[in-house]
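Peer 1: Protein chains in written order, with the UniProt record's numbering: chain X, 1 to 403; chain C, 1 to 502.
Source of the hints: derived by calculation from the structure; they are not laboratory data.
Be aware that one or more of the hints could be misleading.
Selected chain X positions facing chain C (Cβ under 10 angstroms, derived; list incomplete) [what the hints assert, rightly or not]:
| id | residue |
| --- | --- |
| 1 | Thr34 |
| 2 | Ser62 |
| 3 | Tyr65 |
| 4 | Ser67 |
| 5 | Glu120 |
| 6 | Gly124 |
| 7 | Thr143 |
| 8 | Pro149 |
| 9 | Gly153 |
| 10 | Thr154 |
| 11 | Ile177 |
| 12 | Arg185 |
| 13 | Gln312 |
| 14 | Asn316 |
| 15 | Phe336 |
Yeah, the Cβ is synthetic: ideal placement off N, Cα and C, and Gly gets one too.
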Amino acid sequence: MKYKQHIFLFIAILIATISTGQEKDQGNSIGLLTSQTEFEVGSTVLLQFSSAEAVTPLLYCSNSYGSTVITPVLEETTLNYEIPDFIANKSGLVHWKLIHNNPTSGSFVMSPQQHVATMETYIGPPTIEAGDIDYTMLVVIPTDALDNPMPEGTPVMVHHRFLDTQTEEEIETKKIISYKNISSRRKSGRLFIAAECLETHSTEYTVDVLPAIPTDFTISVDRPHEYADGNQITSFYTSILRDAHANIVSDGTFVTFFIRNKAGNVLKASGTTVQGIATAKMIHPDQEEQWTVQAYVDGMAESNTISIAYQQVVENVEIAFAKANREIQVGPLKSFMNQMIPDGFQVVLEVYKDNVLLETYTKTSRKGYVSFSLEEAIFKNDTYTFTIKTAGLEKNLPNIKLW
Amino acid sequence: MNRNILRSILIISYMIIIAVIIGGISSLYSYLNTGADRATILHTEIQKIDQYIPDVYWAPLYNEGRPMDQETLERIENNYLDAWYVKQIAYKTNTTSGIEDYYTENARKNLYNTIAHNTEEGIVVEATTLEHHPTLEFFSEDGQLVVITDYDVVEYKRLYKDEVLILETTETATYKIVLLLEDGFWRIRHMVKEHQEVYTEKERFDTLKDISVKGINYYPQATPWDMFGDGFDPEILSKDFQIIKDAGLESIRIFVQYDDFGKANVQEDKLQKLKQTLDLAERHNLKVMVTLFDFYGDYAVLDWTLNRRHAATIVSSLKEHPALYAWDIKNEPNLDFESRGEKQVTAWLQMMTSFVKNTDPDHPVTIGWSNAESAIILKDHVDFVSFHFYEDLDTLEDVYLYLNEEIPTKPIVLSEFGMSSYKGIWNPFGNSENDQATYHKEIQGIIAKHKIPSMSWTLYDFVEIPKEVVGRLPWQKNNQKQFGFINQKGDEKAAFKYIFKE
């Protein structure tokens, strides 16, 4: 009997010690029950801890964008921490730590959804140069419905079409983004680009392949006649300006024509290209001339040099005096067929007294004549010397008396 | 007659009211017409002021895509750090101002959500980042998009719930970040945390076993607490150092004031004067303990990066100096416990101690606690413990033995002690010069008995004490003036004999 009692007592004590021991263990530590360490964003993330104590320690939680603290819900011996949406919806590592005198900590990973919702696409530059050197870059960031970038290694298909060729290439996301350099072709034209990731398609993107810089070219000249009548207009033309790959340069390419005359002076005319051709115009000189012409696209290309000659038309200048020598008539000024020179031919009269230039008058012809009248109020009755200049000729009339 | 007066009063008051109303309306009108400066549209007028300057160590540039230029990289860095800064402010105040400048429309939402949750739960996060190690991964051809991996970002965080501090943590984390150039700002588009661990302080330095310090706290007589100002005179310093050396002492403790030295942008001329002081000490064979952050009292987490920049500049420019003996992080920080909170001050000290240790691995670091009780705080972080003692001499031995027992592995330095010989209207029962001499005689006895490394306060009696030191009260000021071994006239006081004991 006594023996039995002993055994009973012994067992009772044993049970008591074991159970109290267990209690002690549980009291000291709160153990993590959740074994899952990777969750898809958007799902409900519940971290569960076993706890024998009726304590509800807070859980510190920090993700890619910020940190917060979560209050648990205690269900019997289980502490439930529901990770709030703004953390559960963002991909990346989430680190947690129990704020408890025996702190446990850990982390889990929120991974993006397996479905692409939007393709953030950046393309640039929007225009590139033809040839094999220039390129544009397509950057694609495929993101899921919760705006999380896809994991590394997600395949992205890049489609691009240029003229008649269509190409497809597969690239992969790496460090959040995926990118592809798309080179220009030798021809100019428009490049159409689109991307695709996990069966989600981007919109269409276009990049213009513009002609490269022009290469050297030739110029030509066109004029109604070869006479220096100061009236007709000479036109200069470029050949079709092309880049190194025979693309016609963009309209509006600026071409400057430099015209150097006999005296070494430079006249400038300019034009912009239309369909590769630039045109510029210059009025004919009024005296015999020899022009040397060369055109440039500044800093890029130049033309050959051409020269053009203009023949003298006015051979002789006749002068007549009237009204006490105060009216000076120059003319008739005759052109290449002895016709009266077209209106607007320039004649200059210079009035000297004792070799001092008193006055210069410039007039243009009308019906082949130019007449100057000298006012009494300006020129007192006296002796003056006149010089008439026109068509490169100069005629001196010394000691003319006005009265 | 009476009616006339009444009438004129009425008319005058009417005119006054009209004048006031018209004046008000016209000033409102002109205010509304001032308009914004056009330049503000482009945000070009933003002035760069240092408000957040963690250490940023860029990896060499081997990025994919377009080659990076230094100027763009600097812009990116500035905007990126600003993005961190506005985020820290936002989480500290739970407001959203500034976020839209540095986060794109989609990225902003993530911060707003966190702020909304934290506001609701009464959570406040005070945080700062101390180090960034970014690598430029990618720069797009059109110069509008970059990808950065920011490795081992050292983040210090302090979380409050309902205004109670619940967690303090230092972590290192790695982020991948996509930034877009929008409206002239590099804005964060995506941010993904990839790695995180608890920050562990690097251990260094074999524990110091024994040190011997026989020194004195030093300020020039004419310019106390303004040692590196306009009154800086190398000749005076040289003469004083000679006196100190001749008295048998071997070291001095000097103070670098945070504001005076220019906060985060340490002024070069002050630094030169500090260097010159150490040069002179070297010439007179004295070692120098430099006390940093004097008169600094903020400790705010968002101030940390500025504090570190200040310390980095001074520590790295002096760490090779042969006269340098040790760094005292801060003088009597425990006096700020009440106003700033013990945890806040301690966290700052721990961070700064570890930072100075890392910046200068060769010199010991300590904190000049104002009493022995505080000296136990952070005992594991300092290389030697120092405390100040101005109490009754009878207790010194016990205090020292107590500290020795508490901290058996590290040397304990008595880095300030002394007695004022002021006795006058403001303190008729003060100590006389003879009392002061007796005090020093006795304390030198205790110091010699226990071989306590020690530094007394101070060489001179001062004429002027700035109000920042002990306040404006005349009895405190006058008391503070007469701690010296040499009086205001320049004569040795009775205590001078006991400045040091073999």
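Peer 1: Looking back at the hints listed earlier, which ones does the structure fail to meet?
Peer 2: 1, 9, 10, 12, 13, 14, 15
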